[in-house]
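Trainee: Spelled out, the chains give:
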Amino acid sequence: MKSFIIALTGVFLCVSPALAGEQEDCAVAAHLVTADYPLPRVARAIAQKELKVVVVGSASSLLAGPGGKQEAAYPTRLEAALSKRLPGVKVTVATFAKPRTTADSMEEDIEHLVQTEKPAVLIWQTGTVDAIRRIDPEDFRTAIDQGVAAVLAADSDVILMNPQYSPRTESMIEVQPYADAMRFSALQHEVPLFDRFAVMRQWGELGTFDLLDPTKKTDMAERVHQCVAELLADLIVQSAKLPNAHDNHQ
Amino acid sequence: MAPPPVERDLRLDLFRGIALWLIFLDHIPSNIVSWITIRNYGFSDATEIFVFISGYTAAFVYGRAMRDRGFVVAAARILKRAWQVYVAHIFLFVIYLAEIAYVSRSFENPLYAEEMGIFDFLRQPDVTLYEALLLKFKPANMDVLPLYIVLLGTFPLFLWVLLRRPMLALATSVALYVAALQFEINLPAYPEGTWTFNPFAWQLLFGFGAWCAVGGAGRLSGFMRSPVVLSLAGAYLAFSLAIVLTWYFPRLGHLIPKWFSDWMYPIDKTNLDVLRFVHFLSLAVLTVRFIPRDWPALRSMWLRPAIVCGQHSLEIFCLGVFLAFAAHFVMVQVSESVSAQVLSSVIGIVLMVAVAWLLSWYKNIERNPGTRPPDADLAGGEV
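Chains as they are written, first to last, in our numbering: chain E, 41 to 290; chain Y, 4 to 386.
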């Protein structure tokens, strides 16, 4: 409950009147993004005025496709959103995303990436490709567990981001078990989860975005990515402010 | 060995019918009505009920045929049934292909460029169709029938042993289950991985159902009615409900000690986790205790719709898979509102009942020699 209030307060504080109406609309899902676990390495990096974020993911971190522009995707927008929330801190967000990559093969990249890039936090977006290829959800969860453990062992924080909610393909791609596996893994490892599945479902149900729109244009996709970036930035900033429970335990 | 009961146990049809409805509701994505289904209140779901009862009725029907007409005739009938299920599965697969082909043409939102990867299967029909015919490529929600095909395909041999040495057959089934878990035996799937319902694990439920049908239920009846077993079953259901609640209210999850959740999770559906199996057994114990075989309501009009569906399980199962597709399609094209979800769920079940009734009526006129065409073979043969 406490963290719920913190997250809620965070939303009201962060959504400044200067933002357009759309951004306030996407805050309807803010209660689904709660800062439950601290990000001690991010807190440290903010104190040192230099925050390095790495995004590892698949096509939905690229906003790729024909004519897609990578700078329109949420990682680039996250850099701007974090810089705005953390004045005086040098924020960089680097994306390492490959389409059609399963969690298992990303996990191998992650072990390498945390060593070479040494980010304060690694955001791991995955699940959709595994759902399309119908990887055993237990194998998927094992890959997530290993990846999270590898990041933490390399002294970086980690945030998990589960699949998009896609109403049009719901009866063809069963995403739910993979979204749940990532929720579960986040709880087990006590790391923050950006529940993109729940957030986007909320937007779809409330009509914030028409997720069934068969448009070929990218403007709606860009607005969704902007909202993802804003909520993600809130999650990072709020989580970094939480007292680090691990210090007491360890 | 106690002789099997002659009259059909209507409880089996009732619960199989209900299981078919629940499977239909669970297969409609984002359906508010699926909150009533049992998977939200415990470890096991309608699949366990369906597989167990299918094993029970298979042994009941084909066991009698094997006693009366011999191994060859019974085996031929079982394999014919397996073939029918196979054809039904391929029919559903074609409907699935039609839907994704339609969507791939009509939906191209850049937000979902990644999800469009599902259409890759259409770009290489040579591989996709081939793998589907081999039952290796199975789309979402189409895993139960392939399991059923494999279970039926191997059933003649199992039934042969079951009728002679029931305990040996049951022990073999348990041993295979343990071996499947221990050595991770499963069938391969396409594009990668293994079957979503591991037949080497799920055969336990089918085999146990079959064992119950040939006298096992009679042996267990004393055990199942003992107060200790009843209260253990009740306690287990309560425990399972409590655990499931933590899935929906993750904050409650902190109440579970870490060593316990480490031991308990994952609760593996692919390999019929023993926690799921015990949950099903607990449900069965309480059901058998509180719903007697001669329960008058079984003959009432009110339960008739579910019973009729349970009596035509293959057809109604396939119809349910199709209707779930159709319901989702309608919801996407027309309205996603809660009322649309409720309406399509209700219409779906009404259609399932109507078709089951039609099938019963059809079966009746086919059975009546007076109305039977004299030359069924010329008219396309008996189905």
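Heads up, a few of these hints could be off.
[Claimed, not checked] 20 Å max Cα-Cα, derived DMTMM-like pairs, lysine to aspartate or glutamate:
#1 E:256 / Y:10
#2 E:92 / E:220
#3 Y:261 / E:185
#4 Y:83 / Y:265
#5 E:138 / Y:123
#6 Y:261 / E:220
#7 E:130 / E:148
#8 E:257 / Y:111
#9 E:130 / E:157
#10 E:130 / E:144
#11 Y:139 / Y:123
#12 Y:139 / E:179
#13 E:281 / E:195
#14 Y:139 / E:220
#15 E:89 / E:157
#16 Y:366 / Y:111
#17 E:281 / E:157
#18 Y:261 / E:230
#19 E:138 / E:157
#20 E:256 / Y:369
#21 E:138 / E:148
#22 Y:261 / E:111
Worth flagging that the hints you see were computed from the coordinates, not collected in a lab. A quick note: this is a predicted structure, and the numbers were derived from the prediction, not measured.
Trainee: Confirm or reject each hint.
Mentor: Here is what the structure says about each hint:
1. Restraint check for residue 256 of chain E and residue 10 of chain Y: the C-alpha separation of about 61 Å exceeds 20 Å, so the hint is violated.
2. Taken as a hint, the residue 92 of chain E and residue 220 of chain E pair is broken in the structure, with Cα atoms around 28 Å apart against an allowance of 20 Å.
3. Between the alpha carbons of residue 261 of chain Y and residue 185 of chain E the distance comes to roughly 15 Å, so the proposed pair stays at or under 20 Å and holds.
4. Taken as a hint, the residue 83 of chain Y and residue 265 of chain Y pair is broken in the structure, with Cα atoms around 45 Å apart against an allowance of 20 Å.
5. Using a Cα cut-off of 20 Å, the hinted pair residue 138 of chain E and residue 123 of chain Y holds, with the two alpha carbons roughly 17 Å apart.
6. A threshold of 20 Å between alpha carbons decides the hint, and for residue 261 of chain Y with residue 220 of chain E the separation of about 18 Å falls inside it, so the pair holds.
7. Proposed proximity of residue 130 of chain E and residue 148 of chain E is contradicted: the alpha carbons are some 29 Å apart, above 20 Å.
8. A distance of roughly 9 Å separates the Cα atoms of residue 257 of chain E and residue 111 of chain Y; the hinted pair therefore holds under the 20 Å criterion.
9. This hinted pair checks out: residue 130 of chain E and residue 157 of chain E have alpha carbons roughly 16 Å apart, not beyond 20 Å.
10. Restraint check: the Cα-Cα separation between residue 130 of chain E and residue 144 of chain E comes to about 32 Å, which exceeds 20 Å; the hinted pair is violated.
11. At most 20 Å may separate the alpha-carbon atoms for a hinted pair to count; residue 139 of chain Y and residue 123 of chain Y meet this at roughly 16 Å.
12. Straight-line distance between C-alpha atoms of residue 139 of chain Y and residue 179 of chain E comes to about 18 Å, which keeps the hinted pair within the 20 Å bound.
13. A hinted pair counts as satisfied when its Cα atoms are at most 20 Å apart, and residue 281 of chain E with residue 195 of chain E qualifies at roughly 18 Å.
14. At most 20 Å may separate the alpha-carbon atoms for a hinted pair to count; residue 139 of chain Y and residue 220 of chain E exceed this at roughly 25 Å.
15. Of the pairs offered as hints, the one joining residue 89 of chain E and residue 157 of chain E holds, with about 17 Å between alpha carbons and a cut-off of 20 Å not exceeded.
16. Distance hint between residue 366 of chain Y and residue 111 of chain Y is unfulfilled; the C-alpha atoms sit about 46 Å from each other, more than 20 Å.
17. Of the pairs offered as hints, the one joining residue 281 of chain E and residue 157 of chain E is violated, with about 24 Å between alpha carbons and a cut-off of 20 Å exceeded.
18. Our distance criterion of 20 Å between C-alpha atoms is met by residue 261 of chain Y and residue 230 of chain E, whose separation comes to about 12 Å.
19. At most 20 Å may separate the alpha-carbon atoms for a hinted pair to count; residue 138 of chain E and residue 157 of chain E meet this at roughly 17 Å.
20. For the proposed pair residue 256 of chain E and residue 369 of chain Y, the alpha carbon gap of about 54 Å is over 20 Å, so the pair is violated.
21. Simply put, residue 138 of chain E and residue 148 of chain E have alpha-carbon atoms about 13 Å apart, close enough for the 20 Å limit, and the pair holds.
22. Among the hinted pairs, residue 261 of chain Y with residue 111 of chain E is inconsistent with the structure: their alpha-carbon atoms are about 42 Å apart, more than 20 Å.
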